[in-house]
Amino acid sequence: MSSESRVVQGRAGKERSFQRWAEENPLAVLAGVFVLLFLVTSAIQPGFFSVSGVRNTLLQAAPLGILAAAQTVLMLTGGIDLSVTMIATGAAYVAANQSPNGAAIAILMGLLVGLIVGSMNGVGVAIFRVNPLIMTLAMSSILLGLFTAWTQTVLAGSTQVAPFIRLLGGGSWMGSVPYSVLVWGGVAIALIWLLRRSGWGRLIYAIGDNETAARLAGVRVWQVRLSAYMLSGVLSAIAGILLAGRTGAVDLQLAGAFLLPSVAAAVIGGTSIFGGMGGYSGTILGALILSVLNSLLTFLNVGQAIQQMVYGSIVLALAWGYASLTRRS
Amino acid sequence: MAFSVAMRNPALRILFRNSWALGVWLLLGALVLWYSTLIPVFGPFQITSITKNSLPLVYLAIGQAIIVISGGIDLSLGALLLLSNVIAARFMAGQPLPTVVLIALGIVAGLALLNALVGFVITLSGVPDIVVTLATGYIWSGLALWILPSPGGGTAPEMRWLFTGSPSGVGGSYWPPLLMLLIPGALVAIWSRTTRVGLSLYAVGSNKTAAQLAGLDVRRAKIVAYGIGGAMAGLAGLAMVALTGTGDPRFAIGANATLNSVAAVVLGGVALTGGVGNVFGVVATGVTLIMLNPILIAMRVDSNNAQVIQGVLIAGVMMFGGLVAFLRERRS
Chain U
1 MSSESRVVQG RAGKERSFQR WAEENPLAVL AGVFVLLFLV TSAIQPGFFS
51 VSGVRNTLLQ AAPLGILAAA QTVLMLTGGI DLSVTMIATG AAYVAANQSP
101 NGAAIAILMG LLVGLIVGSM NGVGVAIFRV NPLIMTLAMS SILLGLFTAW
151 TQTVLAGSTQ VAPFIRLLGG GSWMGSVPYS VLVWGGVAIA LIWLLRRSGW
201 GRLIYAIGDN ETAARLAGVR VWQVRLSAYM LSGVLSAIAG ILLAGRTGAV
251 DLQLAGAFLL PSVAAAVIGG TSIFGGMGGY SGTILGALIL SVLNSLLTFL
301 NVGQAIQQMV YGSIVLALAW GYASLTRRS
Chain E
1 MAFSVAMRNP ALRILFRNSW ALGVWLLLGA LVLWYSTLIP VFGPFQITSI
51 TKNSLPLVYL AIGQAIIVIS GGIDLSLGAL LLLSNVIAAR FMAGQPLPTV
101 VLIALGIVAG LALLNALVGF VITLSGVPDI VVTLATGYIW SGLALWILPS
151 PGGGTAPEMR WLFTGSPSGV GGSYWPPLLM LLIPGALVAI WSRTTRVGLS
201 LYAVGSNKTA AQLAGLDVRR AKIVAYGIGG AMAGLAGLAM VALTGTGDPR
251 FAIGANATLN SVAAVVLGGV ALTGGVGNVF GVVATGVTLI MLNPILIAMR
301 VDSNNAQVIQ GVLIAGVMMF GGLVAFLRER RS
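Chains U and E, in that order, are what the protein sequence lines are. Note that the working numbering gives residue 155 to position 155 of the first sequence, counting from 1, and the numbers run on in steps of one. Note that the working numbering gives residue 283 to position 283 of the second sequence, counting from 1, and the numbers run on in steps of one.
Derived from the structure by calculation, the hints contain no laboratory data. Virtual Cβ for every residue (Gly too), placed ideally from N, Cα, C. The reader is advised that the hints may include incorrect statements.
[Unchecked claim] In silico SDA-like pairs for lysine to any residue, Cα to Cα no more than 25 angstroms straight-line:
#1 Lys208/E / Arg129/U
#2 Lys208/E / Asn210/U
#3 Lys208/E / Arg193/E
#4 Lys208/E / Ser272/U
#5 Lys208/E / Val218/E
#6 Lys208/E / Thr273/E
#7 Lys208/E / Gly78/U
#8 Lys208/E / Leu272/E
#9 Lys208/E / Arg219/E
#10 Lys208/E / Ser324/U
#11 Lys208/E / Phe120/E
#12 Lys208/E / Asp209/U
#13 Lys208/E / Ile130/E
#14 Lys208/E / Ala323/U
#15 Lys208/E / Ser172/U
#16 Lys208/E / Glu211/U
#17 Lys208/E / Leu325/U
#18 Lys208/E / Asn131/U
#19 Lys208/E / Trp320/U
#20 Lys208/E / Ala214/U
#21 Lys208/E / Thr212/U
#22 Lys208/E / Leu113/E
#23 Lys208/E / Val121/E
#24 Lys208/E / Ala213/U
[Claimed, not checked] Label-pair ranges, simulated between beta-carbon atoms:
#25 Arg55/U / Gly94/E: 47 to 55 angstroms
#26 Arg202/U / Val197/E: 40 to 48 angstroms
#27 Gln19/U / Asn305/E: 56 to 64 angstroms
#28 Thr195/E / Phe274/U: 25 to 33 angstroms
#29 Arg20/U / Arg13/E: 50 to 58 angstroms
#30 Gln19/U / Arg13/E: 53 to 61 angstroms
#31 Leu112/U / Gly126/E: 37 to 45 angstroms
Could you build all of it, start to finish, from the sequences and the hints given here?
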């Protein structure tokens with residue numbers, strides 16, 4: 001009797017200590033979810049458990065991860081960018097248009113599109129204080145109209161990108177590591193360093209946590225916001241160029257499907273949509289989880305309807321689980 | 001001095017408090033006048049066409065406004081519209097009138113319950129509204145696609161008459177769509193400003209903690225707001241099936257409708273931070289957003305440029321609003 005109760009007590013204690021461990025290491029829990037999903041996918045599609053399976057997952061996740069990076073930085077400041085996918089598409093078009101002049105110019109012009117549109121978003125949000133949801137939504141509508149019109153005029157026939165961009169988006173270094181994943185890795189290292197170690201990163205967290213306090217402490221809030229939107233534009237452009245390279249051709253629906261997943265990846269990774277909390281390492285895991293989930297649903301071959309329902313349910317369950325883990329601590 | 005006089009006079013006070021809503025109605029009136037000079041003939045046909053085409057967006061915007069006022073935001077309203085649209089199209093085709101009415105009532109009540117459940121999940125989980133509704137939006141549009149895999153179905157002529165003014169959906173009287181436009185808007189606006197529960201939405205949206213300390217049931221307010229949002233999305237789906245005569249489960253239609261509803265709400269003077277705004281103003285901005293299209297077509301602007309102009313106008317109006325707020329802040 002007494003020994004039995006001790007066993008029960010011991011088990012309860014163990015559960016509590018697991019809970020405490022999970023509260024302190026939410027990223028480890030996310031990594032666990034990723035590994036679990038990867039193993040389930042491998043059980044359904046045996047060929048998936050291999051180097052090429054990992055490679056495919058990373059290749060899928062790279063553009064999403066970079067778009068989610070833009071979303072993470074802005075969400076940390078309390079903002080959001082609903083125009084990331086149209087910026088990506090626009091950058092891809094311009095890169096395709098400039099491809100005859102060489103890959104370097106094509107990529108630079110593509111990035112310039114991101115910088116310009118990002119600055120315009122930033123001016124609206126930071127200086128004119130338009131709600132970011134509305135500003136970027138309007139920008140997305142403007143870009144869609146402009147590029148639809150331009151594909152029939154100045155951008156007509158610009159659907160192929162330079163061979164170097166195609167190599168960058170779909171090719172592999174030494175046959176196994178995709179170049180796009182190397183680009184993503186570079187972006188990730190730079191961003192994590194910026195957010196954790198630089199003064200700019202501290203200001204991003206500060207204005208997201210309490211804008212008034214940051215302003216009273218002497219921060220020029222509008223400058224920080226503007227720079228965040230410019231960075232978001234450039235990151236979206238990088239993702240667009242990689243996507244164009246991967247698919248080889250550019251069209252207006254190039255990046256459209258990534259908008260909601262880019263927000264979802266940041267949220268699953270633990271970045272608060274109200275600002276001030278989170279980081280990019282969680283977002284990386286979020287992007288990996290969503291892409292492996294995508295592969296899983298594709299392999300299950302259940303049709304788009306069930307696929308959407310399962311996708312939504314799992315995003316909700318992950319966000320709920322994460323919230324209940326971190327709320328208790 | 002003039003301000004305090006105005007505050008003492010109740011009629012003037014009501015005007016003052018709702019100045020933004022009044023402004024957008026005046027703007028809509030001016031746009032209609034302008035439009036009537038742009039085209040050769042302006043008559044009942046144009047009034048019918050504008051009112052019936054704006055019904056889905058207006059319903060969605062009313063629902064979004066109530067949710068935003070209570071401090072939330074619902075990115076799944078467009079998906080709920082799809083769900084209502086496909087259920088109606090799939091099950092109403094070829095049915096007798098009583099069955100059709102029953103299905104319509106069932107859809108509105110069902111979606112109200114469904115979205116109230118979403119509101120409950122938000123209060124229970126502590127996950128931000130925008131994230132929960134993002135996820136449920138996927139679920140509802142998946143469900144819609146499952147119910148009606150490809151565009152099709154139909155509805156009863158009486159349903160089409162109710163929302164479009166003619167049993168075939170073409171031409172007809174402008175009274176049914178005009179009344180269907182104004183009555184739900186007026187009902188929700190009056191309800192939200194005069195009843196205990198309606199006012200509690202404003203209280204909860206402007207300061208959740210203060211509302212809770214004052215003894216209001218925050219959880220109930222949220223659930224009620226999301227329930228109304230669901231019911232309005234149900235109405236929007238019914239209006240859609242009456243307008244087009246078919247059901248269409250495409251994801252992009254829902255996503256666009258959601259984003260337009262948020263734009264209409266913000267332009268209508270409802271602050272996304274919650275607790276501020278008037279539902280009736282949102283009706284006017286919903287119609288205005290739809291009206292821009294025929295106006296730009298009448299001005300011979302091509303449709304791509306029309307989209308650009310619409311975006312520039314939305315951003316421009318919001319920038320102007322931001323500038324005014326900034327100048328007022330500096331003066332005080």
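Checking each numbered hint in turn, tell me which of them this model violates, lowest number first. 15
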